[in-house]
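Chemist: Residue numbers (the working numbering), protein chains in the order written: chain A, 1 to 173; chain B, 1001 to 1173; chain C, 2001 to 2173; chain D, 3001 to 3173.
Hints should not be assumed to be uniformly reliable.
Label-pair restraints from in silico Cβ distances [stated by the list, open to error]:
#: 1; chain 1: C; residue 1: GLY2019; chain 2: B; residue 2: VAL1009; range: 46 to 56 Å
#: 2; chain 1: A; residue 1: GLY170; chain 2: B; residue 2: PRO1152; range: 20 to 30 Å
#: 3; chain 1: D; residue 1: HIS3012; chain 2: A; residue 2: GLY19; range: 32 to 42 Å
#: 4; chain 1: C; residue 1: VAL2159; chain 2: D; residue 2: MET3055; range: 51 to 61 Å
#: 5; chain 1: A; residue 1: GLN138; chain 2: D; residue 2: PRO3139; range: 27 to 37 Å
Calculated from the structure, these hints are not laboratory results.
Glycine is no exception: its CB is placed at the ideal position from the N, C-alpha and C atoms.
Number of protein chains: 4
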Amino acid sequence: MGVDEIDVVVEHADVLQIGARNTQNYNLLRAVGQQKTKPVLLKRGMMSTMEELLMSAEYILAQGCSKVMLCERGIRTFERYTRNTFDINAIPVLKSRTHLPIIADPSHATGHWNFVESASMAAIAAGADGLMIEVHPQPEKAVSDGAQSLKPKRFSDLVSRARRVAEAVGRRV
Amino acid sequence: MGVDEIDVVVEHADVLQIGARNTQNYNLLRAVGQQKTKPVLLKRGMMSTMEELLMSAEYILAQGCSKVMLCERGIRTFERYTRNTFDINAIPVLKSRTHLPIIADPSHATGHWNFVESASMAAIAAGADGLMIEVHPQPEKAVSDGAQSLKPKRFSDLVSRARRVAEAVGRRV
Amino acid sequence: MGVDEIDVVVEHADVLQIGARNTQNYNLLRAVGQQKTKPVLLKRGMMSTMEELLMSAEYILAQGCSKVMLCERGIRTFERYTRNTFDINAIPVLKSRTHLPIIADPSHATGHWNFVESASMAAIAAGADGLMIEVHPQPEKAVSDGAQSLKPKRFSDLVSRARRVAEAVGRRV
Amino acid sequence: MGVDEIDVVVEHADVLQIGARNTQNYNLLRAVGQQKTKPVLLKRGMMSTMEELLMSAEYILAQGCSKVMLCERGIRTFERYTRNTFDINAIPVLKSRTHLPIIADPSHATGHWNFVESASMAAIAAGADGLMIEVHPQPEKAVSDGAQSLKPKRFSDLVSRARRVAEAVGRRV
């Protein structure tokens, strides 16, 4: 999404997402902050510290848009069995430093559908305020990210299980 | 623990621990594998891949010692708000590749007592077979790792909560 | 620099620079590639692989702009004595994979003026086609990056020394 | 090399090398420091900060062995075109903090023979006090590290070139 595309996205989408590669695209952050119609989901860059993520959020908030959600989607490390390393610590650490909701993206944070459920349960147990999960009826035909997409049935099971974990830590889904 | 100290440690300890800095000390791994009296807890190096951790375990197993537990204790990344980055993905990924029990060490993996509980719940929810948590009656007087140590009361609350999360994912503590 | 600012930058600048935080800002890369008046200096992201840097360059080249220079400016690692880790390997590796000129930025790659000269000599010796160095008459008053800026006299000495190293490896400054 | 093998290595070798995987094996460091016959080459761990390398050197020096050389052999990062990332900054930074000689190991730091020469020139230009390079008459038959080994002829050319670069920065090989 470029600065000149914000209007059309605002018109059609429920949430404006700033992707991991644009986390420090300050022109875009400021422009998104100038609209107050739709909430903004700001993804942590794969190369960003938590401090930088919080500073990127400030660019949006400072323009007057107060509905900002932060999204942990995994960071880049030397580990090679997974696409990214899900920084689960980010959930309690960010919650201790900001009142903004923290969303987890276990699909990107693992990169493989068969680890998405475990990572989702971990996120909820650690205190995440929401999950963002890729679902596709035929993952093997997905245009992108098929390897990390769940089929609908598996997704629905995941939601039931997430509900139980949320209750166990005193929350509700 | 050096190779020449194994006998005395076996005599007095319940478990032999190979620390993160010795994860690729092959002499020590082999020597520890030659005793079959006590189980071995092998910690992942702060910069070991999961593949390397599994290969280190092989050094012990190949000597005939079959009671080996793997421990995820956080890896080194660029993030600076935490001491290490807890690689929560390691729990389901390792479980998909080995039958060995996977233990999580949220104390080292976060480095701060106030994040230990959230990280512990995440570990259990992700499928960890056990937790290893630093507890100290007076953390501020601890010889080492005080910042990441829990007081006994807080630890006891954590165990109750862990029990509820374990049940939510169909396990028992 | 945003997409809508390209025209004015083209008018006044000698080179268009894509900064490290915009290395994967594909809208900007494409827009910059559509002008053919000025050469483009594309900086490697602080957490981009070399492969990703080459792919970002393709976004520019594919639009018809052929004057693209790649710039190694250091990557993010766990090391804390320096601002970034200068990936000197990137110079010969990139030269083996592309015909584009490779520029080194020892100011960002070290973060401290007193290491800039050594890093510059290393870059030239490794085969870099150019250096990009921050210079300031009064670094302590610089608006940004003062800690890594050289005073003019020291810069001039650096150039003389770079000339000698270049000759030693069969090149000319 | 284990603690119990030091005597036999001292008898036959010119230098005692502590490998990257043993950089924080404190028993071994202390034991090596207790002999004063042979110099010690201490390799930086692939996961060690420069500060940790200096602290590991202290373990040896504190035992009375004063002939210690530090070796930069590349650190682990997310980059995948090379085996390790050669931290060229480590050369001037370590020289600013210690009087110990700094040796570079471009073979491990790149992992590919065709980048060893450029990395070697960079190391000398940055101020390294020595190079450690793997050479094999038939690299394709090497028991280990063949991919990063030079044939003798190429090694001899490298030495000539290193001599010229050393002179260019006011030193002598």
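Chemist: For every hint, state whether the structure bears it out.
Modeler: Now the hints, each set against the structure:
1. GLY2019(C) - VAL1009(B): 46 to 56 Å: holds (54 Å)
2. GLY170(A) - PRO1152(B): 20 to 30 Å: Given range 20 to 30 Å: holds, Cβ gap about 22 Å.
3. HIS3012(D) - GLY19(A): 32 to 42 Å: violated (58 Å)
4. VAL2159(C) - MET3055(D): 51 to 61 Å: Given about 38 Å between the Cβ atoms, the range is violated.
5. GLN138(A) - PRO3139(D): 27 to 37 Å: For GLN138(A) and PRO3139(D) the Cβ distance comes to about 47 Å; the hint is violated.
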